[in-house]
Amino acid sequence: MKKFFSYVVLGCVGLFMLFPFLWMFSTSVKPAGDVFKSVDSPIKALVPGEVQWANYGKVYDTTQGMGGGFARWYLNSVLVAVVVTLGQVTTSACAAYAFSRLQFPGRDKLFLGYLGTMMIPGAVTMIPNFILMRKITDWLRVAAPFVNWDAPRVISLFGRTYDVGRLVGLDSYFALIVPVMFSAYGTFMLRQFFMSIPRDLEEAATIDGCGLFRIFTTIILPLSKPALATLGIFTFLGNWQSFYWPLIMLTQDSMKTLPLGLLSFMGLYSTQWTLLMAGSVMMILPMIVVFVIGQKWFISGIQMGALKG
Amino acid sequence: MARTKRGRTALAGYLFLLPNLLGFLAFTLIPVVASLGLSFFEWDLFTPPKFVGLHNFTALLKDHDFWRYAFNTVFLMLTIPVNILGSLFLAMVMNQKLRGIVVFRTMYFLPTIVMGVGTYLLWRWIYNPDYGLINSIITHWFPRWLNDGISRLGVEWPPQWLTSVTWAKPALMFMTFWTVVGGYNMILFLAALQGVSPELYEAADIDGANRWQKFWAITWPLVSPTTFFVFTMSLIGGLQGGFDQAFVMTRGGPAGATTTISYYIYNHAFAWNHMGYAAAMAWVLFTAVFAATMLNWRFGGRVVHY
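Chains as they are written, first to last, in our numbering: chain V, 1 to 309; chain P, 1001 to 1306.
Everything labelled a hint here was simulated from the structure, so no lab data went into it. A virtual CB, placed ideally from N, CA and C, is assigned to each residue, including glycine. You may find that some hints are simply not true.
Under 10 Å between C-beta atoms, here's a sample of chain P residues computed to sit facing chain V [said to hold, decoys possible]: (1) P1111; (2) V1114; (3) V1181.
Here are the simulated DSS-like pairs of lysine-lysine, each with C-alpha atoms no more than 27 Å apart in a straight line [as the list claims (entries may be wrong)]: (4) K3(V) x K296(V); (5) K2(V) x K1097(P); (6) K1214(P) x K3(V); (7) K296(V) x K1097(P); (8) K1214(P) x K2(V).
In isolation and in its complexed conformation, chain P is listed as follows (with noise of 0.2 Å):
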């Protein structure tokens, strides 16, 4: 009686999971090792597939491009830690008993939740070096002596921004911020808070500490879990990113300016037809993931304060 009960558990039990793992196994698992096997191939889907061992990896060690490109995701990345400053700071103010926070939270988030063509297609026509809304201020609201003091610098100025080879990684790192900076991280970051003890401020108080002293002695340390949780997972989208804005912003230019890893492995995949060589690249990229997960995991233990 047991064994046949268990027996229809475990019966019930596949079934349940059988769209799911169909769906699993079709587009993910087999789609895994099948571009773990393809770059070992030369394909442009017309002729049939070359086996041509490692040579996809060892050709991308030697390619300037690919290089240059994964500099450009770095470059990218480097807004990371001001975003996750900036949100850190936002959820500080937003920690206290005020009136119509949701409103505010409402606001800040909604950048993160439109994100995408219309909000790219936005920022290009801000970023218009003629008629957009950024050189309108600069040319109109900035004192005249300190527009010429930047030109003197020998800056471009104003900005041509996204046709600037200067100037379009700025402008890409720029709306990443305003896009990010109210989004989930914040969201992360004030539970955190609100998780901690207004007791330990007031003893801290009582003992006369400055803001200052506290955000080092209290607030930091205790949000520390999330602050490291917020990097690995940036840390990781950033790696990956860039695709999407740089496709529908710049295509990638002025000369290759904004062209990022996940760029590079489009423009191989599905406009050169280099299914081998992509598959490769996408590899080394997944090897990059891995490897920050890995070393932010193992590492990380010895920043946070639990």
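Next up, chain V with everything else stripped away, as it sits in the complex (with noise of 0.2 Å):
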């Protein structure tokens, strides 16, 4: 009895989770007049009286103007998420290891100076390094004049050209990558993993002739594939969904990310429902994919934050 009232509380529960995305599924697929049937009623707001897939397609078609549209913005929210995600996990896992294992003079100072600085809001950094993209094309002129630093550069691949921004500064992918390949987060979680890992494999490893890196990569990383895929997932997500930063660094359609895209096809859309919920659809889609698949670290990644944080 106890456990059939538990079902329905969670059932209901769910269903309020569900219903937003429901309606926004439902709204996707819907013939562009038939949004506003939900004036004649909720149920008929909720199920559509006719599925119409192609407003996918005609999401693709519409955008194809701005930049190169979806596909591209997908390309570019797949290249700079995979990318961040790589860089944060190696350059992490490399500066714990470090802080973790290898003693070297002023190590906890340095530590200490990485956690301080978590806890500073985005809103601090992100003015000088907006600033710092902005400027850095000048003093590069400057610098190394023999370089073109102002012009959008393009690449040739099977007979068709893409804008690939400048090299660095607004309207890069220098400038949506780098800045957030170094995660103070990351490496504190990691660290806190290896400090977990008994040190008895390494000593033996040693006396064998094992050097330093090879430690690393042979028995340290191994040992915490858990932690670094839980790591991965988090950053990855975390910047498909990036806002922010792309927002103030970027003015060029081509360049955009899948967030930024979508907002710019609202500003152009703001009354196509049925395309706007495609789009969104879209977007999330590949998120619902990893989290589903990369569930089991997540949620072990977020309990062991919270033990040691």
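Two chains, two frames, some hints: make the complex.
Below, the structure written as structure tokens:
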């Protein structure tokens, strides 16, 4: 009886969580005129009378003129999220190894410095970083005048040309990727994990003549797969949704990541709810897939971080 | 021999740290110092920066908009206790031997995972006054006497939601509740509850305690470290929050009703090119975050039972 009651509660809450998604999906496959039927009844609003998958193709077509549109924004998002994730995991793991296993002067003070900055609001560092990206081309023009720092670059692939933005500064992949590639939080989390690995194995390996680098790659990293996976998933999902930083770095449509692309799409088609919802579905679908696959690590990662943070 | 080995380890330490450290210096530590310096200047990025001493800070104290948006920020944070209690309740219901608990956990976590421009757009549509889901439910499924009664109280009904000065904040708060209630906090509470020994409840059963007494005497004290942690983190997040959703859903409106401090900083820095003033405000925000953390750590110890 008690269990039955629990199921009722859990089911109702589940419905509350899913309801908006159902509405999002049903809107995304409706014929454009049907979205106004919610005036007749909520049921008509939720259940599409006629399923029109073509809306998804239409999103692709209508955004083509916006610097390549959805396909391009997808590509940018994948590129940025993947590179940032790889970069953060790699640099954090190396730094965490140094902080947890190697003795060197100033180590603990540096680590405290890392910890201290984790509390600082993003807005504090965002302003100087923006200025840096805004001004960097001016400085480089003086320092290295033989390179054209301002020109947007184009590459040719398979007979087509693609804008790839500038080398550095605003509207560049550099600006989207490099400033967010280093994470104090990731370093902290991995250090805590490395500390919990027993040292016996390393000592045995040292006796066998293993160097520090080999210990890192053959003992520490394989043993830390769960922690690395957790950090990787967190970073990937966080960057896929990243909004503020790309917003101030980008003006050019072809350089936009999905969240910003969707935003400009909204600006142009603000009442085309079927298309907007189709775009939203396309944006969140990869996240749901990544989450469902990586769920196990994700949940344990949250608990691990909290227990030790 | 020992000396050289130690020297080699130290060198290796620096080398392993180097890539991360360079990034940390370039994009975190130096910018923090730079923004503090910047807060004493007036700079629009085009003309040379002008030193103005503490003027940005004194101007901030007299800036009525700043205080209004600070109020908005705090107002939006009023959902924090509700969110936390909701998460605790869900965790308690889930902390049983039930089949399919992973499915429920996944469902509840979904909004947290996908939160972003996609869901903000979705909620814009849900809150659409004419064709949105919520107003459709209100007009069709709410009994007439209820709808009439509410309008007679002088409340705007059915609400215009995001375009209404009265309803924009509650609309965002409800969306936040939906987003976070089944998220990180619930997972943390679930872990805390799983650490509570069942024998305590059995002992309480023998003593004839009812559900409510068991909650206050066992559950609440034993999860209090988690409650405390979650509350502190929500506070820190809340003080800095509100930009993304307001930018996508309301542009801070109507009439500034959903503009928060972080949005105001954005406007000054990136829309109006007031770099110094924005940096000063960012530092004031930092101070508030810092104070909130310190207060919590300082006084949290008294209400937390380990």
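| Minimum Cβ distance from V1114(P) to chain V below 10 Å? | At about 4 Å, which falls below the 10 Å cut-off, the nearest Cβ of chain V leaves the hint on V1114(P) intact, so it holds.
| Holds or violated: K3(V) to K296(V), with C-alpha atoms at most 27 Å apart | Holds. K3(V) to K296(V) sits at ~25 Å (cutoff 27 Å).
| query | Holds or violated: is there a CB of chain V closer than 10 Å to the CB of V1181(P)? | reply | Cβ of V1181(P) sits 8 Å from chain V, so the hint holds.
| Holds or violated: K296(V) to K1097(P), with C-alpha atoms at most 27 Å apart | 19 Å, holds
| Given the proposed pairing of K1214(P) with K3(V), does the C-alpha separation stay at or below 27 Å? | Roughly 19 Å between the alpha carbons, so the hint for K1214(P) and K3(V) holds.
| request: Hold the hint about P1111(P) up to the distance rule: shortest CB distance to chain V must be less than 10 Å. | output: Where the cut-off is 10 Å and the nearest Cβ of chain V is about 6 Å from P1111(P), the hint holds.
| query | Quick one, are K1214(P) and K2(V) close enough, alpha carbons at most 27 Å? | reply | Holds - the C-alpha atoms of K2(V) and K1214(P) are around 16 Å apart, at most 27 Å.
| K2(V) paired with K1097(P) [C-alpha distance capped at 27 Å] | Holds, at about 12 Å.
Checked against the numbered hints given earlier, this structure breaks none of them.
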